[in-house]
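2 protein chains.
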Amino acid sequence: MGDEKEVLSSDRVENEPSTTLTSELGIFHKSWLSIVSLWFGLMSKVCKFVRNAWDIGVNDPRKPMHGVKVGAALSVVSLLYYMRPLYYSVGGNAMWAVLTVVVVFENNVGATISKSFNRMMATFLAGALAVGVHWIGCHSGKPFEPIIIRASLFLLAVTATFSRFIPNIKARFDYGASIFILTFTVVSVAGYRIDNLFAFAQQRLLTVAIGASMCILVSMIISPIWAGQDLHFHVTCNLEKLADSLDGCVVEYFKEDNERNHGESFKRLQGYKCTLNSKGMEDSLCNFARWEPAHGCFSFRHPWKQYLKVGSSMRSCASCIEALVGSCINSKIKAHESTKEPLGNLCKRLSSHSSAVLKELATIIKSMRRSPRLLLLTEEMRIAAQELQHVLKSQPRQPIPSLSPQKLDFTSTLKNLHLIQVLPLLTVTSLLIEIATRVERVIDEVDELSRLANFKPANDEKPHPDLGEQNIMRTLQLV
Amino acid sequence: MGDEKEVLSSDRVENEPSTTLTSELGIFHKSWLSIVSLWFGLMSKVCKFVRNAWDIGVNDPRKPMHGVKVGAALSVVSLLYYMRPLYYSVGGNAMWAVLTVVVVFENNVGATISKSFNRMMATFLAGALAVGVHWIGCHSGKPFEPIIIRASLFLLAVTATFSRFIPNIKARFDYGASIFILTFTVVSVAGYRIDNLFAFAQQRLLTVAIGASMCILVSMIISPIWAGQDLHFHVTCNLEKLADSLDGCVVEYFKEDNERNHGESFKRLQGYKCTLNSKGMEDSLCNFARWEPAHGCFSFRHPWKQYLKVGSSMRSCASCIEALVGSCINSKIKAHESTKEPLGNLCKRLSSHSSAVLKELATIIKSMRRSPRLLLLTEEMRIAAQELQHVLKSQPRQPIPSLSPQKLDFTSTLKNLHLIQVLPLLTVTSLLIEIATRVERVIDEVDELSRLANFKPANDEKPHPDLGEQNIMRTLQLV
Numbered sequence: 001m002g003d004e005k006e007v008l009s010s011d012r013v014e015n016e017p018s019t020t021l022t023s024e025l026g027i028f029h030k031s032w033l034s035i036v037s038l039w040f041g042l043m044s045k046v047c048k049f050v051r052n053a054w055d056i057g058v059n060d061p062r063k064p065m066h067g068v069k070v071g072a073a074l075s076v077v078s079l080l081y082y083m084r085p086l087y088y089s090v091g092g093n094a095m096w097a098v099l100t101v102v103v104v105f106e107n108n109v110g111a112t113i114s115k116s117f118n119r120m121m122a123t124f125l126a127g128a129l130a131v132g133v134h135w136i137g138c139h140s141g142k143p144f145e146p147i148i149i150r151a152s153l154f155l156l157a158v159t160a161t162f163s164r165f166i167p168n169i170k171a172r173f174d175y176g177a178s179i180f181i182l183t184f185t186v187v188s189v190a191g192y193r194i195d196n197l198f199a200f201a202q203q204r205l206l207t208v209a210i211g212a213s214m215c216i217l218v219s220m221i222i223s224p225i226w227a228g229q230d231l232h233f234h235v236t237c238n239l240e241k242l243a244d245s246l247d248g249c250v251v252e253y254f255k256e257d258n259e260r261n262h263g264e265s266f267k268r269l270q271g272y273k274c275t276l277n278s279k280g281m282e283d284s285l286c287n288f289a290r291w292e293p294a295h296g297c298f299s300f301r302h303p304w305k306q307y308l309k310v311g312s313s314m315r316s317c318a319s320c321i322e323a324l325v326g327s328c329i330n331s332k333i334k335a336h337e338s339t340k341e342p343l344g345n346l347c348k349r350l351s352s353h354s355s356a357v358l359k360e361l362a363t364i365i366k367s368m369r370r371s372p373r374l375l376l377l378t379e380e381m382r383i384a385a386q387e388l389q390h391v392l393k394s395q396p397r398q399p400i401p402s403l404s405p406q407k408l409d410f411t412s413t414l415k416n417l418h419l420i421q422v423l424p425l426l427t428v429t430s431l432l433i434e435i436a437t438r439v440e441r442v443i444d445e446v447d448e449l450s451r452l453a454n455f456k457p458a459n460d461e462k463p464h465p466d467l468g469e470q471n472i473m474r475t476l477q478l479v
Numbered sequence: 001m002g003d004e005k006e007v008l009s010s011d012r013v014e015n016e017p018s019t020t021l022t023s024e025l026g027i028f029h030k031s032w033l034s035i036v037s038l039w040f041g042l043m044s045k046v047c048k049f050v051r052n053a054w055d056i057g058v059n060d061p062r063k064p065m066h067g068v069k070v071g072a073a074l075s076v077v078s079l080l081y082y083m084r085p086l087y088y089s090v091g092g093n094a095m096w097a098v099l100t101v102v103v104v105f106e107n108n109v110g111a112t113i114s115k116s117f118n119r120m121m122a123t124f125l126a127g128a129l130a131v132g133v134h135w136i137g138c139h140s141g142k143p144f145e146p147i148i149i150r151a152s153l154f155l156l157a158v159t160a161t162f163s164r165f166i167p168n169i170k171a172r173f174d175y176g177a178s179i180f181i182l183t184f185t186v187v188s189v190a191g192y193r194i195d196n197l198f199a200f201a202q203q204r205l206l207t208v209a210i211g212a213s214m215c216i217l218v219s220m221i222i223s224p225i226w227a228g229q230d231l232h233f234h235v236t237c238n239l240e241k242l243a244d245s246l247d248g249c250v251v252e253y254f255k256e257d258n259e260r261n262h263g264e265s266f267k268r269l270q271g272y273k274c275t276l277n278s279k280g281m282e283d284s285l286c287n288f289a290r291w292e293p294a295h296g297c298f299s300f301r302h303p304w305k306q307y308l309k310v311g312s313s314m315r316s317c318a319s320c321i322e323a324l325v326g327s328c329i330n331s332k333i334k335a336h337e338s339t340k341e342p343l344g345n346l347c348k349r350l351s352s353h354s355s356a357v358l359k360e361l362a363t364i365i366k367s368m369r370r371s372p373r374l375l376l377l378t379e380e381m382r383i384a385a386q387e388l389q390h391v392l393k394s395q396p397r398q399p400i401p402s403l404s405p406q407k408l409d410f411t412s413t414l415k416n417l418h419l420i421q422v423l424p425l426l427t428v429t430s431l432l433i434e435i436a437t438r439v440e441r442v443i444d445e446v447d448e449l450s451r452l453a454n455f456k457p458a459n460d461e462k463p464h465p466d467l468g469e470q471n472i473m474r475t476l477q478l479v
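So the protein lines, in turn, are chains A and B. Quick note on numbering: the numbering used here labels position 134 of the first sequence as 134, and the sequence is numbered without any gaps. Quick note on numbering: the numbering used here labels position 380 of the second sequence as 380, and the sequence is numbered without any gaps.
Accuracy of the hints is not assured; some may be wrong.
Derived pair list, reagent style DSS-like, types lysine-lysine, alpha-carbon separation capped at 30 Å [claimed, not checked]:
1) A:K273 <-> B:K309
2) A:K255 <-> B:K393
3) A:K255 <-> A:K279
4) B:K142 <-> B:K255
5) A:K359 <-> B:K48
6) B:K348 <-> A:K309
7) A:K393 <-> A:K309
8) B:K309 <-> A:K45
9) A:K279 <-> B:K309
10) A:K273 <-> B:K273
11) A:K309 <-> B:K393
12) B:K279 <-> A:K393
13) A:K170 <-> A:K142
14) A:K279 <-> B:K359
15) A:K279 <-> B:K279
16) B:K456 <-> A:K170
17) A:K170 <-> B:K348
Residues from chain A that face chain B, not an exhaustive set, calculated with beta carbons under 10 Å [what the hints assert, rightly or not]:
18) L86
19) L99
20) F124
21) S316
22) G326
Hints are computed from structural coordinates only; laboratory data are not their basis. Think of the CB as a built atom: it goes at the ideal place given N, C-alpha and C, for glycine as much as any other residue.
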C-alpha cells in the first residue's frame with residue numbers, strides 16, 4: 001500500500017500536464033462510488049427491513065391476518081359514506097364510524113371489546129352531559145351562557161385528565177376518560193354553531209356504536225385472537241422454558257469443562273429470562289381477557305387473575321435461577337472438579353425432579369386436566385430435597401457415615417479442600433433447595449387455578465377441545 | 001342476644017292480633033335499614049375514592065397540574081371555534097385542532113412531542129398520498145375510479161396495521177402508523193363528497209399542526225414535566241433503594257431473633273423490588289426522553305440509552321438480593337446462631353461497603369459530578385470481598401490460622417456443627433461476593449454514563465443547577 005502511494009506520487013510528478021484531468025476523473029469516480037455505496041447501503045437496509053417484516057408475518061400469520069381484518073372492517077364501514085341513503089341516515093356524520101374503526105380495532109378480541117365499550121360509554125355519558133350543560137347555559141341568559149359552557153369545559157377536562165392518574169381508572173377506563181373529554185369538548189363546542197345539538201350528540205353516539213360493533217363482530221368472527229388464550233399459552237410456555245433452564249443449567253454446571261457447549265443449549269438456558277420480564281405482558285393480557293366472552297375451554301368468568309399469581313410465583317423461581325446462573329455457573333470462583341462428583345448426582349436429581357414438576361404443571365395448564373402424576377413427581381422432588389439436606393446434615397460431624405459410599409467420598413474430599421473450593425457447590429445446593437421450595441409455591445398456585453377453573457379430573461379420558469395450540473405455541477416460542 | 005330473641009318471640013305469641021302490623025313494621029324497618037346501609041356503603045366507597053384521588057394529587061402536585069394544563073390548552077384551542085374569523089380561516093375544520101389537543105397532550109414533554117410529531121408527519125404523508133391516489137383515480141376513467149380508491153384504502157390499511165407489529169416501528173412510530181391509516185381513510189373517503197380535496201387535506205394538516213404546537217408549547221412552558229429528568233431521578237432513587245435493601249437485609253439477618261422488627265425497616269428491605277419491576281417504565285421514559293430538547297443539565301443528545309444499561313445492571317443486582325432474601329432471610333433452614341458471629345462482621349462489612357458504593361453512585365448521577373470518593377469506596381469493597389474469600393480459603397485446611405482471633409473462632413465453631421447449620425451462612429457469603437461482582441458492573445455502566453454525558457470533574461466545586469429534585473425524589477419514593 002505504501003509502495004503504491006509512492007508510485008502514484010512519482011507518476012504525478014512526471015506527468016504534470018494531465019494532473020487536472022486525472023483529479024477531475026478522480027472526483028467523478030469517488031462521488032460515483034459514494035452514490036453507489038449509499039444506494040447499496042439503503043437497498044440492503046430496505047431488504048433487511050422487508051425480510052424482518054416477512055419473518056414476523058411468517059412466524060405468526062395472525063399478524064398479517066389482523067391487518068386484513070382492519071382493512072375489511074374499514075372497507076365495510078366506508079360504505080356508510082359511499083351509499084347515499086346510509087350517509088343521510090346518520091346526518092352526514094359517517095366519518096365518526098370510520099374513525100372509530102381505525103382507533104378501536106385492536107390486535108385481540110378483549111382489547112377491541114374493552115376499547116369499544118369505553119368509547120361507547122364515554123360518548124354516551126359525555127354527550128348527555130354536554131347537552132345538559134348546554135341546556136342549562138341556554139336557560140340562564142345571555143351573559144352567563146358562554147361562561148357556563150367554557151367553565152364546564154375547563155373543569156371537566158381538568159377532572160377527567162386527572163382521573164387518568166388514579167390506578168383503578170387507569171387500568172380499565174383510561175381510554176374511556178380520554179374519549180369522555182373528547183366527546184364533551186366536541187359536543188359542547190359544536191353547540192355554539194349547531195342548532196339541534198341533541199340530534200348531533202345522538203348521531204355521534206349512533207355512528208360510534210356502528211363502528212364499534214363492526215370492530216367487535218369482525219374481530220370475533222374472522223380468525224379471532226383471544227387475549228385469554230394467549231395468556232394461557234404464554235404462562236404454559238414460560239413454565240416449560242423455566243423447566244428447561246433449570247435442568248439445563250445444573251447439567252451444564254456439573255459437566256466437565258471440555259464437554260460444555262455454548263450454542264443451542266446456551267440459548268435454552270436463557271429461557272428463564274422470558275419469565276423474569278413477562279410481568280407487563282401478563283398484566284395487560286389479563287386485563288383484556290376479563291372483557292372477553294366465553295370461548296374455547298374458557299368460560300366467561302374464567303379466573304384470569306389467578307394466572308397473574310402463577311406468573312408471579314414463576315418469577316420468584318426465575319430470579320433464583322438467575323442467581324444460580326450468576327453466582328455459580330458464570331462465576332469466577334469455579335468449584336473444584338473433585339467436589340462435583342459426590343454431591344453432583346444428588347443436585348442433578350433434585351433439579352431434574354423440580355424441572356419435571358414444572359413440566360407437569362405446564363401439561364396440566366395446557367390440557368386443563370388435573371394430573372395423577374403430579375403428586376408422585378412432587379413427592380419425588382421433596383424426597384430429593386430431603387436427601388440432599390440429610391447428606392448436608394450428616395457432614396462433617398460424622399467422619400465416615402455408613403449410609404452410602406457417595407457420602408463417605410464427599411466427606412473425605414471435603415476435608416482435603418479449602419472452604420472456598422466447595423463454596424460454589426454448597427451455594428448451588430442451597431439455591432436448588434430454595435428453588436424446590438419456590439416450585440412448591442407454583443404448585444399451590446396452579447392447584448388453586450385448577451380448583452377455580454374446574455379443571456377436569458385426572459381419570460376423565462375425553463380429549464380436550466383443540467385450541468390451535470401448536471400454532472400458538474410455535475409463535476410464542478419464537479417471540 | 002339469644003335471650004333477647006326468646007323474649008321477642010314470647011311477646012309475639014302473647015300479642016297475636018298485632019302480628020301483621022309488627023311484620024309490616026319489620027319489613028319497613030328492614031328495607032329502611034338496608035337502604036341506609038347501602039347508602040353508607042356507597043358513601044364510604046366514594047369517600048375512599050376521593051381520599052385516594054386527593055392523596056395522589058397531594059403526593060405529586062404535577063398530576064393535577066397536568067389536568068389544568070390540558071384544560072388551558074383546550075380552552076385556548078376552542079377559541080378557533082368560537083371566533084368567527086379564526087373559524088372560517090380553517091374552513092370550518094376547527095374541530096380537528098380540538099381533537100388533536102385531547103389526543104396528543106401527554107403527561108410529559110417527550111411523550112407530547114413524540115405524539116405531536118407522529119401525528120403531524122402521518123397526517124402530511126397520508127394526506128399527500130390520499131390526494132395523489134385520488135388524482136390517479138380521477139384521471140383513469142369512471143369504471144376504475146372507485147376500484148382504485150377502495151383497493152388503495154384496503155391495501156394501505158392492511159400494510160400500515162401490519163407495520164405496527166415491527167418492533168422498530170412499534171417503539172417510535174406506533175401512533176404515527178395509526179394516524180396514517182386514519183388520515184388516509186378520512187381524506188380518501190371524503191374525496192367522494194368534497195370537490196376541493198387538496199384544500200381539505202391542507203386544512204386538516206393546518207388544524208392538526210395548530211393543535212399539536214399548542215400542546216408542545218403549553219407542556220414545555222407551564223411547569224414542564226421532562227421524561228428525561230424523571231428517568232434520571234428514577235434511576236437515582238432505585239440505586240438508593242437498592243443500597244438500603246442490601247445493607248438492611250444483611251443487618252437484619254445477623255440480628256438476634258428478638259431484635260428483629262417487621263415494621264418500617266421491613267418496608268425498607270423491600271426496596272429492591274422497585275428495581276426488579278422497573279424495566280417497562282425505564283424503557284418508555286427513555287423512549288420519550290430522546291424526543292426532548294435540551295433542558296436543565298441535560299443536553300439534546302444526552303445518552304439516555306445508557307440509563308437503560310445502568311438499570312439493567314441494577315436489576316441483575318436486585319435479583320441476587322431477591323435470592324438472598326429468599327434463600328437465607330425468609331428460609332426455613334435458619335443458620336445456627338453461634339455461626340453468625342465470627343463470619344458475620346466480615347459479611348456486614350462487605351454489604352455495608354457495597355451499599356456505600358451504590359449510594360455514592362446515586363450521588364454521582366444525582367449531582368452529575370464525578371466523585372473522588374468512588375475509587376476509595378470501590379477499593380474498600382474489593383478488599384472486604386477479598387478478605388472474605390481469604391478467610392474462606394484458609395478453611396478448614398489450616399486448623400488454627402494465626403491471622404486473627406475471629407478466624408480461629410470460626411474454624412473451631414465450624415468443626416462442631418453440621419454442614420446444614422452453616423449452609424445458610426455460606427450461601428449468604430457466596431451471594432454477597434456475587435453481589436459485589438455485580439455492583440462492579442453497575443460501577444462500569446455509571447462510569448460509561450459519566451463519560452458519555454461529560455459529568456463534571458470531581459474537583460469542580462460549583463454547585464449544580466437545581467432540578468427541583470427534592471420534590472421529584474419525594475414523589476418517586478412514594479410511587
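The hints, checked one at a time:
1. A:K273 <-> B:K309: With a Cα-Cα distance of about 16 Å, the restraint between K273 of chain A and K309 of chain B holds, given a limit of 30 Å.
2. A:K255 <-> B:K393: Measuring from Cα to Cα gives roughly 24 Å; hence the hint holds.
3. A:K255 <-> A:K279: violated (33 Å)
4. B:K142 <-> B:K255: violated (88 Å)
5. A:K359 <-> B:K48: Given that 30 Å is the threshold and the Cα spacing comes to 44 Å, the pair is violated.
6. B:K348 <-> A:K309: violated (34 Å)
7. A:K393 <-> A:K309: violated (34 Å)
8. B:K309 <-> A:K45: holds (26 Å)
9. A:K279 <-> B:K309: holds (20 Å)
10. A:K273 <-> B:K273: holds (17 Å)
11. A:K309 <-> B:K393: The hint is violated at about 42 Å.
12. B:K279 <-> A:K393: violated (41 Å)
13. A:K170 <-> A:K142: violated (39 Å)
14. A:K279 <-> B:K359: holds (28 Å)
15. A:K279 <-> B:K279: Holds. K279 of chain A to K279 of chain B sits at ~10 Å (cutoff 30 Å).
16. B:K456 <-> A:K170: violated (40 Å)
17. A:K170 <-> B:K348: violated (43 Å)
18. L86: It is violated, given that the least Cβ distance between L86 of chain A and chain B is near 13 Å, above 10 Å.
19. L99: Where the cut-off is 10 Å and the nearest Cβ of chain B is about 6 Å from L99 of chain A, the hint holds.
20. F124: Constraint on F124 of chain A not satisfied, violated at 17 Å.
21. S316: Constraint on S316 of chain A satisfied, holds at 7 Å.
22. G326: This interface hint holds because 6 Å falls under the 10 Å limit.
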